[in-house]
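Here is what each chain is made of, one letter per residue.
Protein chains: 6
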Amino acid sequence: MSRRFVSQLNHNETVEQVFLASNKQLRPNRQGNLYLQLDLSDRSGTIATRKWNASETDYKSFENGDFVYVDGTVQLFQGNLQLIAQRLRTARPDEVDESDYQTLQSDDVCRMRDRLIGVLRGVKSPALAALVEAYLGDEVFMEKFCRAPAGMKNHHAYQGGLLEHSLNMMEVAALIAPRYPQLNLEKLLLGVLLHDSGKVDELSYDREIAYTDEGQMLGHMCQAISHLEQKAKDAERRGQIAFPPVLLMELKHMILSHHGEYAYGSAKLPMTLEAVALHQLDNLDAKLASMSGLINDCPNTDSRWTQYFPNLDRKLWKGV
Amino acid sequence: MSRRFVSQLNHNETVEQVFLASNKQLRPNRQGNLYLQLDLSDRSGTIATRKWNASETDYKSFENGDFVYVDGTVQLFQGNLQLIAQRLRTARPDEVDESDYQTLQSDDVCRMRDRLIGVLRGVKSPALAALVEAYLGDEVFMEKFCRAPAGMKNHHAYQGGLLEHSLNMMEVAALIAPRYPQLNLEKLLLGVLLHDSGKVDELSYDREIAYTDEGQMLGHMCQAISHLEQKAKDAERRGQIAFPPVLLMELKHMILSHHGEYAYGSAKLPMTLEAVALHQLDNLDAKLASMSGLINDCPNTDSRWTQYFPNLDRKLWKGV
Amino acid sequence: MSRRFVSQLNHNETVEQVFLASNKQLRPNRQGNLYLQLDLSDRSGTIATRKWNASETDYKSFENGDFVYVDGTVQLFQGNLQLIAQRLRTARPDEVDESDYQTLQSDDVCRMRDRLIGVLRGVKSPALAALVEAYLGDEVFMEKFCRAPAGMKNHHAYQGGLLEHSLNMMEVAALIAPRYPQLNLEKLLLGVLLHDSGKVDELSYDREIAYTDEGQMLGHMCQAISHLEQKAKDAERRGQIAFPPVLLMELKHMILSHHGEYAYGSAKLPMTLEAVALHQLDNLDAKLASMSGLINDCPNTDSRWTQYFPNLDRKLWKGV
Amino acid sequence: MSRRFVSQLNHNETVEQVFLASNKQLRPNRQGNLYLQLDLSDRSGTIATRKWNASETDYKSFENGDFVYVDGTVQLFQGNLQLIAQRLRTARPDEVDESDYQTLQSDDVCRMRDRLIGVLRGVKSPALAALVEAYLGDEVFMEKFCRAPAGMKNHHAYQGGLLEHSLNMMEVAALIAPRYPQLNLEKLLLGVLLHDSGKVDELSYDREIAYTDEGQMLGHMCQAISHLEQKAKDAERRGQIAFPPVLLMELKHMILSHHGEYAYGSAKLPMTLEAVALHQLDNLDAKLASMSGLINDCPNTDSRWTQYFPNLDRKLWKGV
Amino acid sequence: MSRRFVSQLNHNETVEQVFLASNKQLRPNRQGNLYLQLDLSDRSGTIATRKWNASETDYKSFENGDFVYVDGTVQLFQGNLQLIAQRLRTARPDEVDESDYQTLQSDDVCRMRDRLIGVLRGVKSPALAALVEAYLGDEVFMEKFCRAPAGMKNHHAYQGGLLEHSLNMMEVAALIAPRYPQLNLEKLLLGVLLHDSGKVDELSYDREIAYTDEGQMLGHMCQAISHLEQKAKDAERRGQIAFPPVLLMELKHMILSHHGEYAYGSAKLPMTLEAVALHQLDNLDAKLASMSGLINDCPNTDSRWTQYFPNLDRKLWKGV
Amino acid sequence: MSRRFVSQLNHNETVEQVFLASNKQLRPNRQGNLYLQLDLSDRSGTIATRKWNASETDYKSFENGDFVYVDGTVQLFQGNLQLIAQRLRTARPDEVDESDYQTLQSDDVCRMRDRLIGVLRGVKSPALAALVEAYLGDEVFMEKFCRAPAGMKNHHAYQGGLLEHSLNMMEVAALIAPRYPQLNLEKLLLGVLLHDSGKVDELSYDREIAYTDEGQMLGHMCQAISHLEQKAKDAERRGQIAFPPVLLMELKHMILSHHGEYAYGSAKLPMTLEAVALHQLDNLDAKLASMSGLINDCPNTDSRWTQYFPNLDRKLWKGV
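Residue numbers (the UniProt record's numbering), protein chains in the order written: chain A, 1 to 320; chain B, 1 to 320; chain C, 1 to 320; chain D, 1 to 320; chain E, 1 to 320; chain F, 1 to 320.
There's no promise every hint is true.
With beta-carbon atoms standing in for the labels, derived distance ranges [to be verified]:
1) T212(B) x N80(C): 52 to 58 Å
2) E229(A) x A48(D): 55 to 61 Å
3) P245(A) x T73(B): 37 to 43 Å
In silico lysine to aspartate or glutamate, EDC-like type, Cα no more than 20 Å apart, as pairs [stated by the list, open to error]:
4) K124(E) x D114(E)
5) K315(E) x D201(A)
6) K318(D) x E214(B)
7) K315(A) x D201(C)
8) K315(D) x D213(B)
9) K315(E) x E214(A)
10) K233(F) x E261(A)
11) K233(A) x E63(F)
12) K318(C) x E186(D)
13) K233(D) x D234(E)
14) K315(B) x E261(A)
15) K287(D) x E261(C)
16) K153(D) x D213(D)
17) K153(A) x D313(E)
18) K153(B) x D313(D)
19) K315(C) x D213(E)
20) K287(C) x E171(C)
21) K318(C) x D213(E)
22) K318(F) x D234(E)
23) K233(E) x D234(D)
24) K233(A) x D234(F)
25) K233(E) x E229(D)
26) K315(F) x D213(D)
27) K233(C) x E171(B)
Calculated directly from the structure, the hints in this document are not laboratory data. Just so it is clear, CB atoms sit at the ideal spot from N, CA and C, and this is done for glycine as well.
Using the sequences provided together with the hints, build the complete structure.
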């Protein structure tokens, strides 16, 4: 029987299949009986899950990040679906098809990585080209960059999301650059690469997505600046050039100002045309991705509207 | 001798040629002597002008919007250039080449108009196509739309600026639409056409740009809604269709929400994907145009920075 | 036995009578058993209600908006009263006295309608008088205007509330006008009529009060402007006059600016004396109505204070 | 020849008559020559005045608050009228008719005072009536209360303005009270009397209006509270009653909360119905007075709009 | 067996000992069964407590503020510990050691009181010294001042907290004063004594901490001003001096401005050096106390971070 | 004749002595005549200066940063003193005593430097001690650190100001640390050293104080982080230790969060106790220094109040 993805589940449906587990907790209810609470995911989404009358043995029978085989029933609770599990055990390897649990498939990631490299290799000015090679030639960085999400929640919050978001922005930048000849496209492309590059360390994303201590305390902008300083030195070695200090300053400025306003945690306001463009393209891609996501994930099929989102101060229209 | 454009003038330069006059005022100085103050423009910009020891006869010798022949000297005053006029008279017709005074040449405007029509005629869904024809077929509207500025100041603040801004946004929308398949490009194109269409009545722009009484009191959003209601009826007549009420509502919503936030005078927050995209594309085009303009118009050639702009809370970097 | 109104119910009281049902939902509890949750109302207020161990049959046995006969017990839960229903069925017509379920009785509404018509018929300037007749003569509009609430919650959130709020404001305006001779009372009276007139379409209020799709997406200001444009044309026909465009503009401006500040969704700031007065009178009537309501509805008889209201950032003093 | 009031002066008009002087300063111009700058007022308004080539003798020939006889010419300078004085001397007593310099005539003030006393004597509850007598019986307070302005600028900024503003609010309160039976009119009337009573000490207003040191540092709310505590004790003596502590607290609360929001310097948010009503009535009277004033004082007769007022973020419409 | 303090309790631990009870409520669960909910405290903290299947007899068996003997079990529930009580009765006097329930011991309070008196008796300028004696000589005030908390929550929210906070600020002021010779230390010390002195009446703190009606409606600033006016008169009697009005004004100003910004409820902005210093020292002591408290009270020993605090918009770092 | 310092100059006083020149500009007045505008300073302050009827030769006769000999007259203009220069030439070396032009004397700076080194050498934990030596041992850094101002304006805006501000904060930190045992004083001292250390590059201050390009575009926080990364590597070499990464992270966090709130350009909110303390101590020292400065520099001796400062939204009280 073929898999039912999380996004396909309905009220009252019975489920017997494998999910990825996270956020497990053993908790007493008000009568003092213990129950197990966890999240189960596949590539289409996540469903809150409870197993009543659980024991410490149940709790220890698997780890966050494990694949578990569940049988249970889906219920609508306070406007959201939840899964009431009857049984729950670690899955056997032959029961798992990893591609079911990745929003982006390895093939997709490879293709996007190749496209990103293609775009960046088109950069011709010597200093920027040397800088591109310093980043592309750092295998540890590239492996993380292709695996990292673009955020904790909101938009592109899945493995590979950072790559997808950055590639989108680069390709949009390249498309519209001919219409804005005052922009230096090559600086802008580097700005796109750099702007969220600190997220490879701001977040941890091997099993579940979380802030690292450094990420929480310093933020991805500070981390991206440190990377860039090292990479600029690499570029000098590789390219046998002196990296122009004004160019380095402009690149750092794009990192520091890409949130656009102090209130959104921007350390500086955009003061160059490329910094302005970077902020706008980031906004465009992020807002469209996050709002599409909210509309697509809306479980309520009775209404033309999503629920109200307090952080957006609005409902979204799903249409007729 | 060929013309020196406003953007080419330097401190201490002598000037003898024709400009377009506006904002004239006759004012006493602190000693009680009268002087004439006015703005002189050509297609490259505007220069503040004073004629000392002026009389009421001088004041009445020409009207705002006239072409005047000036001889005088350029001076730097408080960081800006001004022109001290010795003599000043209405120009003879043979002294005037109108194309010197239009930011956009009639040819440019024609070409942009044709491109705009081309893009809009690509809309295929019946109701929207009928609506397009209702707008394109309204010659009074089209003539104004091609002549109106996009604003009082900030960006595209010249005759033809509304057309240029709208066309830019449409062509950028068409370029990036394939990357965002969740967007309905045809709705978005209509949204672009409509979003600032009220500016044809919000502003007066025959001689100089100003708010109309209606523009000041009601704003271009309210005016665009009124247009749209009439045009939707036209479309019903022309297309012999019933214009779908939900579609009309979505188009109105794009108009009402395109400023994005209440603080910027948006009557509604964007609640559809096309409304979100419209707001982002408007921001992108407007911000790039206005900041490029500020950098290009900066008269101070000694510094890598423009002056400080209080409304932006920053200086802009002009580069090395 | 005479009816116990919602506002009279106490902890531990037994209830056997008819209410108006709304917001019904069938939900599983944490043990997976289903229960029915709904709101029961009469003219004095609303009480949250639960029926444990409910079935899909229970859920389908009545519709939102139906009158239902309930027997159950009142309990205090987390500071609010709730009703635990034992049995619940649709009421027989002979068990229902509709006047028990209307905040305003039909008589009240009729009287208020007559007073409103009386005030408006006192308007003498020809164009405004013709406009008054255009509104009063539109029976569909008047029927809705007399039935609509003034809002979703806060103040006058019941059928007839819009009429009550508008009439209050008109009569207060007439009372104070002699003290402010700079005000044009007739313009102000029309402003009062128009300012919330869009609520007849912004909200749906046949059974329960909710936003319509148009209301959510466009808002009552936009809808009131559309009405006004049609009515001004009617007035021209009726009065055989040309409706003065400046007057029409001033009326539209009152609609667009009556929320007073951008942050409260006002599309314009009040720029005429009548618009300023309209905003202030709206505030006065709405704030007094909403705060009185909060004080009267406070269920906690032990304290001189109401609970803390987060949207007001305060408790209210009920007094000794 | 009859007097030309400030509000009647036009560009280029010659003036020879008496004004009230204030704000005099002796200043060098850029050439190092001294000029005298001052404000000249009568009951209709104030005009900025300059006398070129002035000496220290000129400066010392009169005091702020003196009546001076001026001959000079009116000029339009940067959108406002100013007076260029040729000669300037202290006026002889027989040249002065004091009523020309008082916005409110002594007769007006007396009549308003009588009406205020009449309204307050209508208060019947014993404690409040005793408090009324404590205020009315304090001749020093009453003399100041009838002479104080209601503010430095904005609204009722002239001698007697506090009385006028308070009386307006009381009479409006009495008019509308029957429509809001939940309000205690007597408490509200006392709230009106008290709310700005601290202004008798916050401002000095014998010759020109200014903040006192205490006014600047403590504000009129703090000062009104101190008054009230003394007056409540007086009331106890006079009325041979114990002033109810809860009532005293409610009156203090009205003083502390009448600005309505923290951002406007309110020490507390209104928490009683009377405090809410007081804030709304204060707003209504103050806003109508200040905006009417701005429209009436607008010197520019060419435009339907006033100038732009930065603190209001708008122009005002004067109408056709 | 020695006592286990609240701060020492762990998940699954059994407890049999005495606590201080507060906030008791009898509530039905969703099945209609009653349970008892209360808070149990000792000097180290407070733990939420529930007794299932409780009766009205249980509820009435003790009062808030009584010592109760409990046996039960500690459980982790939604990230916080709670106590599930099996049995619960009033404690016998011999079971209670009052010092276990006071954050500050009577000895601590006495020592702090002595230090405070020592610092204040160091004030030498006659008027201020007389004022100090007026406060120190008021036994009712001093008794309350030494027993009051500094706030409802946040910092120093326990009996004696006001004394501790004020003493801290005075001693820090004395330490740093030599580095800021522009400050008048004696004025500043009085400012510290006065700034929160109104809290002796703003809060009630005999059994549990709450706002008094006056505190809620008038606030501690208004109350401190009233105290000060009386005490200044006392000082005049005691010291046989006229208290200098400017000095009294400066002291009142320190009270009114110590919150520093309007948004934090400050009635005035600090305008004297001592008022600025007072605001800064208050902030320093309060912020360090409150953040240390949040870090120390964090029950989650698995993480280097505390939970997220919405009012601070951040997590706090507990370190490695 | 002994020098008259800028702070001693009065209206109408004649001046013949040497000043430090800056901000020179040659500008036409409205009659087209040129004048020279510049600032003249000594260690006590700066006075705006004009020389009428200047020529390009005058303009070129000295450079910004030169010492010039001036004879002229002091005048009060629009509330501030200005100097009208008759003659102006570069000063001869024998006319200049450099100590007259330095707010802080070399001796002061040396003494403060020694005290700073003394405080920092008291740091004992190995990693921090090694870091201290890395900074103290960098002569280029130390020379700049002792010469840099702490800001462009506001507080400590003179050469040596950064040293003075940092030393103040360290000594205050050491004084109060015993009262806050939860603070790690050694971390806090390093935080003080680091927090504004980026200002050595953010500003240029050889002749006049200005932002560097990097300072404007990246800010002192970003620059301080880069320094710290290098110095931590130095410390590893010097101390033959591995610098603990968590400690490095905490130091960076103090830099990034010391402005306390996003609205003040803080990249992070303070999340450690030392970061909270650093922010508070910075505020305390900066606010006291800047407000004392504003009070001391107030030229108006007639009033107990300074002028109104728009950025502070208040006047300051100078006292009686």
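Structure-based check of each hint:
{"no.": "1", "hint": "T212(B) x N80(C): 52 to 58 Å", "verdict": "holds, 54 Å"}
{"no.": "2", "hint": "E229(A) x A48(D): 55 to 61 Å", "verdict": "holds, 59 Å"}
{"no.": "3", "hint": "P245(A) x T73(B): 37 to 43 Å", "verdict": "holds, 41 Å"}
{"no.": "4", "hint": "K124(E) x D114(E)", "verdict": "holds, 18 Å"}
{"no.": "5", "hint": "K315(E) x D201(A)", "verdict": "holds, 19 Å"}
{"no.": "6", "hint": "K318(D) x E214(B)", "verdict": "holds, 14 Å"}
{"no.": "7", "hint": "K315(A) x D201(C)", "verdict": "holds, 19 Å"}
{"no.": "8", "hint": "K315(D) x D213(B)", "verdict": "holds, 11 Å"}
{"no.": "9", "hint": "K315(E) x E214(A)", "verdict": "holds, 13 Å"}
{"no.": "10", "hint": "K233(F) x E261(A)", "verdict": "violated, 33 Å"}
{"no.": "11", "hint": "K233(A) x E63(F)", "verdict": "violated, 38 Å"}
{"no.": "12", "hint": "K318(C) x E186(D)", "verdict": "holds, 17 Å"}
{"no.": "13", "hint": "K233(D) x D234(E)", "verdict": "holds, 18 Å"}
{"no.": "14", "hint": "K315(B) x E261(A)", "verdict": "holds, 15 Å"}
{"no.": "15", "hint": "K287(D) x E261(C)", "verdict": "holds, 14 Å"}
{"no.": "16", "hint": "K153(D) x D213(D)", "verdict": "holds, 18 Å"}
{"no.": "17", "hint": "K153(A) x D313(E)", "verdict": "holds, 17 Å"}
{"no.": "18", "hint": "K153(B) x D313(D)", "verdict": "holds, 17 Å"}
{"no.": "19", "hint": "K315(C) x D213(E)", "verdict": "holds, 11 Å"}
{"no.": "20", "hint": "K287(C) x E171(C)", "verdict": "holds, 17 Å"}
{"no.": "21", "hint": "K318(C) x D213(E)", "verdict": "holds, 11 Å"}
{"no.": "22", "hint": "K318(F) x D234(E)", "verdict": "violated, 28 Å"}
{"no.": "23", "hint": "K233(E) x D234(D)", "verdict": "holds, 18 Å"}
{"no.": "24", "hint": "K233(A) x D234(F)", "verdict": "holds, 18 Å"}
{"no.": "25", "hint": "K233(E) x E229(D)", "verdict": "holds, 14 Å"}
{"no.": "26", "hint": "K315(F) x D213(D)", "verdict": "holds, 11 Å"}
{"no.": "27", "hint": "K233(C) x E171(B)", "verdict": "violated, 39 Å"}
Violated hints for the displayed structure, listed by number in ascending order: 10, 11, 22 and 27.
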